[in-house]
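Working from the sequences, and respecting the hints, build out all of it.
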Amino acid sequence: MKRFLFQYIRSMRLYYGFVTGTTVLFGIWMAYNDGGAWGWREAVALVVGFLAWGVNQIFSDYCDRKEDAVNAPHRPMVTGALAAWPAMVLSAVVMLLFAAVSLLMTPWSLLALCIGGVLNVAYSLLKRVPVLNVMVYACAITCCALYGFAVTSGKFPSPLFVTAIAMMVVPVHALMCHNSYYKDVTGDRAAGVRTLQTLFPENISLIVTVVAAICIILYSLYVVFQWNSFAATVQAAVELTLTAMLLVSLEKRCYHRATCLNCQLCVSMIYAWMLVDRSWPLLPEIASLIIIHLLFLWYRDEKE
657 MKRFLFQYIR
667 SMRLYYGFVT
677 GTTVLFGIWM
687 AYNDGGAWGW
697 REAVALVVGF
707 LAWGVNQIFS
717 DYCDRKEDAV
727 NAPHRPMVTG
737 ALAAWPAMVL
747 SAVVMLLFAA
757 VSLLMTPWSL
767 LALCIGGVLN
777 VAYSLLKRVP
787 VLNVMVYACA
797 ITCCALYGFA
807 VTSGKFPSPL
817 FVTAIAMMVV
827 PVHALMCHNS
837 YYKDVTGDRA
847 AGVRTLQTLF
857 PENISLIVTV
867 VAAICIILYS
877 LYVVFQWNSF
887 AATVQAAVEL
897 TLTAMLLVSL
907 EKRCYHRATC
917 LNCQLCVSMI
927 YAWMLVDRSW
937 PLLPEIASLI
947 IIHLLFLWYR
957 DEKE
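Using our numbering, read the sequence shown as starting at 657 and increasing by one per residue.
Source of the hints: derived by calculation from the structure; they are not laboratory data. Keep in mind that a hint or two might mislead.
As the list claims (entries may be wrong) - As a list, the in silico SDA-like pairs of lysine to any residue whose alpha-carbon atoms are at most 25 Å apart:
id: 1; residue 1: 722; residue 2: 745
id: 2; residue 1: 908; residue 2: 811
id: 3; residue 1: 722; residue 2: 744
id: 4; residue 1: 722; residue 2: 695
id: 5; residue 1: 722; residue 2: 735
id: 6; residue 1: 658; residue 2: 787
id: 7; residue 1: 722; residue 2: 911
id: 8; residue 1: 811; residue 2: 933
id: 9; residue 1: 908; residue 2: 855
id: 10; residue 1: 722; residue 2: 787
All values reported here derive from a predicted model rather than from experimental measurement.
Following this line, the structure appears as structure tokens:
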């Protein structure tokens, strides 16, 4: 049992929990600015958001066994160190628990959770469709923000708020998904998964990464700078540094390091929006980036 739980937790890749957790926090922040308040529900929502990625990752690893046999042959489920069906049953039970807790807090949060689940299944089915795969993934993760908003406000966000959330969060997660495909080119080609990295020369994909990153950074910092110039200045330094380090890692094909930087950049970009009216998010942002790095030290094998 201890070995099973160890391999299960390892397969969750906890550093990615900050991606979904921070997105939930962003939704809470949006609701708070709309008149919501902080309490125990928000704490529960953050826990669910943080663990949701890892619990769902078990299903993803099972569905991606063919690609992972080439891209990540040392993953516990590929090597057999993690028994597939018991792991999937555990994830299903945990997801049902998340659903029950969400329903108790507010049915609207359960709706956001269900929409995210449907989009996640759609992503698995559409992974072989270039560009669309990235956008469906981004919309699925964006549901974490809708979840956080629903928990805090007790209602589903209005179309205006959904649009605002999507404009700020979808591009960030789409870029992260695009950047995650570099390390998987060999396995994706073997499995017939079509991404920009498998369809075009690598320099084309890198141009997309550069242009998208710069546009997102300029877009967010332009908004933040009008309200909080100090926070915008610090944020610009953090995001530009992470982007430069990511590009160097990708160009040198140091994909293990690039994976960590890609996760950190995504989290940093989400935090940027929460700096609009105050500077406090800088502290949890920096703490998150440090913890992501420390967690990533647990995964020294880029084939895992």
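| Regarding the pair residue 722 and residue 911, is the alpha-carbon distance no greater than 25 Å? | 20 Å, holds
| query | Between residue 908 and residue 811, is the straight-line Cα distance small enough, at 25 Å or below? | reply | Cα-Cα ~47 Å, so violated.
| task | Quickly compare the C-alpha distance for residue 722 and residue 745 to 25 Å and report which way the hint goes. | result | 21 Å, holds
| query | Keeping to a limit of 25 Å between CA atoms, is the pair of residue 722 and residue 695 held or broken? | reply | Between residue 722 and residue 695 the Cα gap is close to 43 Å, so the pair fails against 25 Å, i.e. violated.
| 25 Å Cα cutoff - pair residue 722, residue 735 | 12 Å, holds
| task | Starting from residue 722, check that the Cα of residue 744 is at most 25 Å away, please. | result | 17 Å, holds
| query | Within a Cα-Cα threshold of 25 Å, do residue 658 and residue 787 meet the stated pairing? | reply | 41 Å, violated
| field | Satisfaction of hint between residue 855 and residue 908, Cα-Cα up to 25 Å | value | At roughly 20 Å apart (the allowed maximum being 25 Å), residue 855 and residue 908 satisfy the hint.
| said: Can you confirm whether the C-alpha distance between residue 722 and residue 787 stays at or below 25 Å? | reply: Holds: residue 722 and residue 787 sit about 21 Å apart, inside 25 Å.
| query | Is the Cα-Cα distance between residue 811 and residue 933 25 Å or less? | reply | Measuring from Cα to Cα gives roughly 23 Å; hence the hint holds.
Of the hints listed earlier, those the structure fails to meet are numbers 2, 4, 6, in rising order.
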